[in-house]
Amino acid sequence: MTPFPYQPDPTPLIFERSKPGRPGVPVPRATRGAEAYLPAELLREEPPRLPDVPEFEVVRHYVELSLKNHHVDRALYPLGSCTMKYNPKVNEDMARLPGHAGIHPLTPDEFVQGALELMYEVAEALKAIAGMDAITLQPPAGASGEMTGILLARAYHTARGNPRKVVLVPDSAHGTNPATAARADYAVRSLKSDARGQIDLAALRAALNEDVAALMLTNPSTLGRFETDVTEIAKIVHDAGALLYMDGANMNALLGRARPGGFGVDMMHFNLHKTFSTPHGGGGPGAGPVAVTAALAPYLPVPTLERDGERYRRVWDRPDSIGKVHGFDGNYGVLVRAYTYIRINGREGLARVAEGAVLNNRYLSARMADTYPLPFGPGMHESVFSGTFLREHGVKTLDVAKRLLDFGFHAPTIYFPLIVPEALMIEPTETATKDELDRFADVMLAIADEARRTPDVVTGAPHTTPVGRLDESKAARQPNLKYEWPTD
Amino acid sequence: MTPFPYQPDPTPLIFERSKPGRPGVPVPRATRGAEAYLPAELLREEPPRLPDVPEFEVVRHYVELSLKNHHVDRALYPLGSCTMKYNPKVNEDMARLPGHAGIHPLTPDEFVQGALELMYEVAEALKAIAGMDAITLQPPAGASGEMTGILLARAYHTARGNPRKVVLVPDSAHGTNPATAARADYAVRSLKSDARGQIDLAALRAALNEDVAALMLTNPSTLGRFETDVTEIAKIVHDAGALLYMDGANMNALLGRARPGGFGVDMMHFNLHKTFSTPHGGGGPGAGPVAVTAALAPYLPVPTLERDGERYRRVWDRPDSIGKVHGFDGNYGVLVRAYTYIRINGREGLARVAEGAVLNNRYLSARMADTYPLPFGPGMHESVFSGTFLREHGVKTLDVAKRLLDFGFHAPTIYFPLIVPEALMIEPTETATKDELDRFADVMLAIADEARRTPDVVTGAPHTTPVGRLDESKAARQPNLKYEWPTD
Amino acid sequence: MAYVPHSDADIQAMLETIGVTSMADLFDSIPAAQRSTAAIDVPSALPEVDVVREVTRLARRNAELVCFAGGGIYDHYAPSAVNHILLRSEWYTAYTPYQPEVAQGSLQVIYEFQTMIAELFGLDVANASMYDGPTAAAEAVVMALGVKPDRTDVVIGDSIHPHTRQVISTASGARQLVSLPFGPDGRVDLTKVGDALRGAACVVVQQPNFLGVIEDLEAIAAAAQEAGALLIVAADPVAMAILKSPGSQGADVVVGEGQGLGCAPSFGGPVVGLFAARRDYLRRMPGRLSGATVDHDGRRGFVLTLQAREQQIRREKATSNICTNQALLALAATVHLALLGRTGLRHIAERSLEGAHHAFDAITALPGYEPLVDGPFFKEFAVRTPKPARAILGHAAERGVLAGVALTRFPGFVDREALLIAVTEKRTDDEIARLVDALRTA
Amino acid sequence: MAYVPHSDADIQAMLETIGVTSMADLFDSIPAAQRSTAAIDVPSALPEVDVVREVTRLARRNAELVCFAGGGIYDHYAPSAVNHILLRSEWYTAYTPYQPEVAQGSLQVIYEFQTMIAELFGLDVANASMYDGPTAAAEAVVMALGVKPDRTDVVIGDSIHPHTRQVISTASGARQLVSLPFGPDGRVDLTKVGDALRGAACVVVQQPNFLGVIEDLEAIAAAAQEAGALLIVAADPVAMAILKSPGSQGADVVVGEGQGLGCAPSFGGPVVGLFAARRDYLRRMPGRLSGATVDHDGRRGFVLTLQAREQQIRREKATSNICTNQALLALAATVHLALLGRTGLRHIAERSLEGAHHAFDAITALPGYEPLVDGPFFKEFAVRTPKPARAILGHAAERGVLAGVALTRFPGFVDREALLIAVTEKRTDDEIARLVDALRTA
Ligand SMILES: Cc1ncc(COP(=O)(O)O)c(C=O)c1O
Ligand SMILES: Cc1ncc(COP(=O)(O)O)c(C=O)c1O
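Residue numbers (numbering that gives the first Met the number 0), protein chains in the order written: chain A, 0 to 487; chain B, 0 to 487; chain C, 0 to 441; chain D, 0 to 441.
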């Protein structure tokens, strides 16, 4: 039977709804056509085939499609590493205030003092949280922050006579770390984790030499666990003249409890779209500010932000800067949201965030661990379970993930980090209620039970979603990446 | 199987989610408790048992509940008489501008000139559309407009020495008409419709005498049909010294095509939440401005609105006024929406609205009429079909209505007007596309077919909704109208 | 044209199916004499962007003032989540929940709303909303007159909002409004209540009253009961967080203006009228009611119930003529109260109370400003002014402050040069200082 | 505290289940030396209403100016419906569509977006978005360098946006940036193209270019093809409504800033980078791709596909390091284009064109204002100013007008006292007159 809310199956493409000659939103019109102002040879003959769909039908189309998404405002979205916490509604309002959303980035500084003040305050707060000296807000996402960090490392080393060649990346790292290092023209050397899932100090020592520009460390690691040797690691890295980059995607576990600057990190990025509650938008936007020690500050992207009393200005004259990593000053709208979050939480609230994140994860882990093994033990804000015990029933982690969808939950991050076989990486975040965690744990246990008793139900899942499992190999073999208009 | 989006069944009440001691939205706090400012005997001992639910869970609760509603932005909502047209999104933005949403009604006129200008312009537009001399925007809904109109009639007649005793109401009228007249302390006399579904002129003449204060006429009638004798009706009514009230709920059919003032109407209400696209809000708010001829203008509610050059003011000193029908100046936020709609449509667009409304309805009627009889023929903007032909299969109009829900459409208005047995009153409005009308017609025909072949499917409907048919008599016999907290 | 979705080809095809040749033919049923050909006298169509500019211009023609005006509409803060919920088209583009199977969202919300309002007011049942506070009061009076068919007097405290009195007078069909004066403390003069009530169907008072003062409802209730009249109280729901509920004090019907619960001031509308009563009056109540029941599988569900009271069923015998109500604002109030919860609403009430008392102390310390009455007040109070109140308002507005409401604008108060000043939790100490300064320099 | 939902009782129960006695215990894994005890140096928690006040204060510290600034960010109008769609939490609170069964909404939108962008740019495939226009250009350069592993030169027109050049230089890892000057018409000097391109991996130009001028892409494409270099064009998608598409003129990759398609200026971000290419480069493209496929019942569905290009699969061998992109803005662009449709986008482009030409005519008629270059332009143009451009901006701002962008702020243009002025369909004749007046009186 068709589900409620009723959804035609499939929803047509917006192009399939198009019929020529129907009016769209009423817009201003010119008195004369383009030919009046431009030579004909510049003009196209046929307009681009955008759909002709009336406003009402466009609205219905995207409302209908919206119903085919899981989202945070429905139920737990326990994607490990993604920190899918509540996105406070007030953040959205603030970012949409005309005085924030309507300002042009090339406005002279004196007319955008509010924006610069806000950015300055965000920068100060993040520096305080990081325990570091300087920061850039320009990177529009975590990966861009990583890139910025590694380019800073290159500039730093270059200034010292040798840009170096290698970046060390633990095997548990997020894919953006090695991809970034490679993109910044460094050779990537992978570091095997030790039995604790942490950096193997011996291996680290062995890998280090004067060709190594930096180590990219995630702390807490992608296992959700604090790198207990971090001070030692920093020392080893620094002794080799290399820099310690910290992937701060997991700062939700540390807010107010530990400052990366305090344990030897030279540069780190934040993911404001994780730790600071800005929404993920179905894949973006984010913001990936990079905090650094004083030694790296000269290289930060331009413009930097400075304050003279009550006045703020963007400073372009920074001869050692690596340049620009974004067309303008980064994802300002995301910064407005993060600022709102920081102010509502305040110093007390931010510390509570980390407490809640760890409490929730440890509680959920405690409820699940008898059934789902934790090869490296529970993490702080997230834990990585292994689904290998289900193999004997012919059930994979992927199946558990799909089955969860039938219960109205999103799946965890799966098959990451790579060092845990059949990984289920679960991060509940601090905004989940105890009831929600209990419900989720109950369902996870029930699925394990199903896997034993009625494995077909699990391997055939999901059963209730708008589509069933999709043929991904067909998608890759015969790429169909856009609508093809019927040729008539 | 559970549907997607997943919905727990049933959704708990917000009270069932409450657990004491959980934080809500952060709000300002006093430094001292109420006892510091007020004598203890005024203060309650136990706070009202509002739910203790965190912000995120509140949001999820109302998002989840929202998914259990049909709404205009999903699919056709063909409720006859209700004019469920597209509610343009820009209307919502305009009503929410701080300069409109944030103003206090008791602000001195000189500081709310924008509001008064907007109201003045809405008033002028509605007067032009009605072809009438004066107007009040104060009534917050259609029924309140009716009440205002009948109170104006009472004032008018009283001023002429006799308030009169009776109001005539056609048997096809909407329930608010007789209810209003009774509420205004008039005896209601029902007028039987003639074979055309129109006012029976002979019956009208017979009913009229010097006790009759007014006739409440709906034009087009609730059958969607123009009262072709309206000028004659007006004459007959006026000859008896009575007034002609027009229920303007169906103005969508007449915009720019006919003006009630031009055919003898003394007073009429608009439903801005029908004709002028303001949303119904799940039952309200609306706005029911009442336009009148000059003879009735002295009695309009206070304040009225006047313009001196560029300045606008609210006028309270109106000794003949009936008084106030709303605490302040009516549903201003609804007026902002209607104004936006009027300006976007403009004179050209408003006339197109009526054309589209009639075109769509006549088209849909043409597509359905072979199967569903139209006892009084197709209407202008809406048509009333009869479902009696289904009786032989044991299927009622109610069943057809319920079955429609399974196809993602809302049901029509049913069992109204009372003069059509097993009535199905369908109003597609001008904002439905041809495709949508075709889909709807196809489904209606398919249901008629099902009624013949598999009547159980129809009488057992709906099958896909969050709940099935509900026990209405239990609800009425054992009223359960609020949550009862467990006594512990 | 903006919202009529057809292409010319669509229109042609549709006309053909209908069997007519032109749009004009569709209007044949209007006799020629009644057809109008002239264009409607409104301006030409504009693109959306231009209308936005125009409506924004009008918004800016309204002064932006820090609001100390009250008198029924209060500048409380609505948490952002309220509006986000309201912006879901599932809520605002739905109709009245006549088909319960596809309206369980709306119906459950009404049920929750009814619960909250009944709880705040300390009564058994509440309805799905009325137009606003004053019209709710008028409905209550109509109900009382129905309950007491042999009585025609309606006793109204002079300390009630003058607009409420006007609406009752206009819209309730009440024949006899009897005034009940208030004493120097601003409260209904209890010595006069007993007399006035003899033969009355009901007495209507406000809590806190128009002057912000908290009435002694228990005493009034006792007198009403004694006289066999219903006690109708128009109450501020925000005050209910800290004040004894009128229901617990003996009120039979409690109505109220719910605007302070998550609705923007919006120049006075749309807001939401609250209506609650003792169970005895259930079948005489106006307005919609959502009731819990079950479907054929025993699942809980909600329906509009006891519709035999309403116009769509009962026509001229209905308890009220109301049809469209203020459902969306009732949703706002429900979400608002859910977000604040037990302690949140209390904080807001206490903070408003405190701010009002601070403002009162500072203002009455200014030369020429004296309390109009001396009873205990919640978030609003009246002070006599050394100059005409309207002039002071103008002076303060130049300083960006709406310094309250001039009492002189209200019938019954035209000769009282006084300002009615309201302070909500939204007003900062700084803003209160600006108010005081504006009054001082006026 | 605001968003951590537990009661003390919850916390106690949870700690017990975990088997620890206090919150502090949960942080035991952090070695004592690394634990910080001092409070974070940010201000104390505030109620929501106070934060709204504060963030509103900051918004008001930004001047409200009628915007004639462009340079990559344009004040086009986004129909209201765009934002209403975006405000549905289904869109903005979802993650990347990694579980396609519960993300068909996002995936279908990406597919529609890819179709629209490919269509506007006249190319075979487009991706799901990049961070912005300049970073998309940098990605294109990286891709070109990968396609032509034996070439290291990247030729860049001087008529490209200086920020784009900076981002390419910073973030593409390109070793050699070769400049291509522009002539008096503001277009890339075709006589220099052939030479420059020898040995280059690619040439990057902008359409319309930084000075608003429409380049002769066919000629550049011919030269690029001749030299075996890829042609990368950074194009304005709004201009595509009337201009020949770069794809049809021979471009291999077209990138662009999509901000003008329904995204607020927002001080330059979040906006949306566009990336389209010939099919040949499909497997070298950066970023996500949504592809159509079927489920086990043959129903159409969409998945993220060709992920073997991406960092989550390929790590250091990925075509790009991008992960989070600008999905929500891509949704905005998709809804925007759907709302405007074929004719709407054309009207907007034509109206912008017309307004810009009117403004140009009026401004260049003023004494001291002369065209900087004389090529054909779309919605933006540069004029030499009789006084320092920055001073003129200040003067105009006092009149409420942001009179463009001073070219002197950009590397490569520091000695050009000129204003770059953009006119969108949103600018009324009246506003243009205000601009002209401000320039006249400067
Ligand atoms: C551990 C880690 N590092 C880096 C990133 C990359 O951040 P972004 O997606 O914002 O580019 C992610 C994102 O999921 C992450 O989880
Ligand atoms: C014909 C007719 N008259 C009057 C009304 C009452 O209007 P309202 O619901 O706004 O009070 C309606 C509402 O449905 C109606 O259809």
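Heads up, some of the hints might be wrong.
Below are the EDC-like pairs computed for lysine to aspartate or glutamate, each with C-alpha atoms no more than 16 Å apart in a straight line [stated by the list, open to error]:
1. A:Lys18 with B:Asp455
2. C:Lys243 with B:Glu45
3. B:Lys126 with C:Asp40
4. D:Lys316 with A:Asp184
5. B:Lys18 with D:Asp7
6. B:Lys395 with B:Asp448
7. C:Lys316 with B:Asp170
8. B:Lys395 with B:Asp455
9. A:Lys126 with D:Asp40
10. B:Lys18 with A:Asp434
11. B:Lys18 with A:Asp184
12. C:Lys147 with C:Asp40
If you're looking for bench data, these hints aren't it; they were derived computationally from the structure.
Just so we're clear, the structure is a prediction, and the values are computed from it rather than from any experiment.
> Within a Cα-Cα threshold of 16 Å, do Lys147 (chain C) and Asp40 (chain C) meet the stated pairing?
Replying inline: Violated - the C-alpha atoms of Asp40 (chain C) and Lys147 (chain C) are around 51 Å apart, more than 16 Å.
> If you draw a straight line from the CA of Lys18 (chain B) to the CA of Asp434 (chain A), is it 16 Å or shorter?
Replying inline: 10 Å, holds
> Has the given pair, Lys18 (chain A) with Asp455 (chain B), been kept, meaning a C-alpha gap of at most 16 Å?
Replying inline: Given pair Lys18 (chain A), Asp455 (chain B) is violated - Cα atoms ~38 Å apart, limit 16 Å.
> Between Lys243 (chain C) and Glu45 (chain B), does the CA-CA distance stay at or below 16 Å?
Replying inline: With a Cα-Cα distance of about 9 Å, the restraint between Lys243 (chain C) and Glu45 (chain B) holds, given a limit of 16 Å.
>> Tell me if the straight-line CA distance from Lys316 (chain C) to Asp170 (chain B) falls inside 16 Å.
In response: 15 Å, holds
>> Hint check: Lys18 (chain B) vs Asp184 (chain A), CA-CA at most 16 Å. Holds or violated?
In response: Cα-Cα ~55 Å, so violated.
> Given the hinted pair Lys126 (chain A) and Asp40 (chain D), is their alpha-carbon gap at most 16 Å?
Replying inline: 9 Å, holds
> Taking 16 Å as the top limit, are the C-alpha atoms of Lys18 (chain B) and Asp7 (chain D) close enough?
Replying inline: Given that 16 Å is the threshold and the Cα spacing comes to 11 Å, the pair holds.
>> Run the distance test for Lys126 (chain B) versus Asp40 (chain C): straight-line Cα separation, threshold 16 Å.
In response: 9 Å, holds
> Within 16 Å, alpha carbon to alpha carbon, are Lys316 (chain D) and Asp184 (chain A)?
Replying inline: 12 Å, holds
> Keeping to a limit of 16 Å between CA atoms, is the pair of Lys395 (chain B) and Asp455 (chain B) held or broken?
Replying inline: 12 Å, holds
>> Need the status of pair Lys395 (chain B), Asp448 (chain B): alpha-carbon distance at most 16 Å?
In response: 14 Å, holds
Going through the hint list in order, the structure does not satisfy hints 1, 11, 12.
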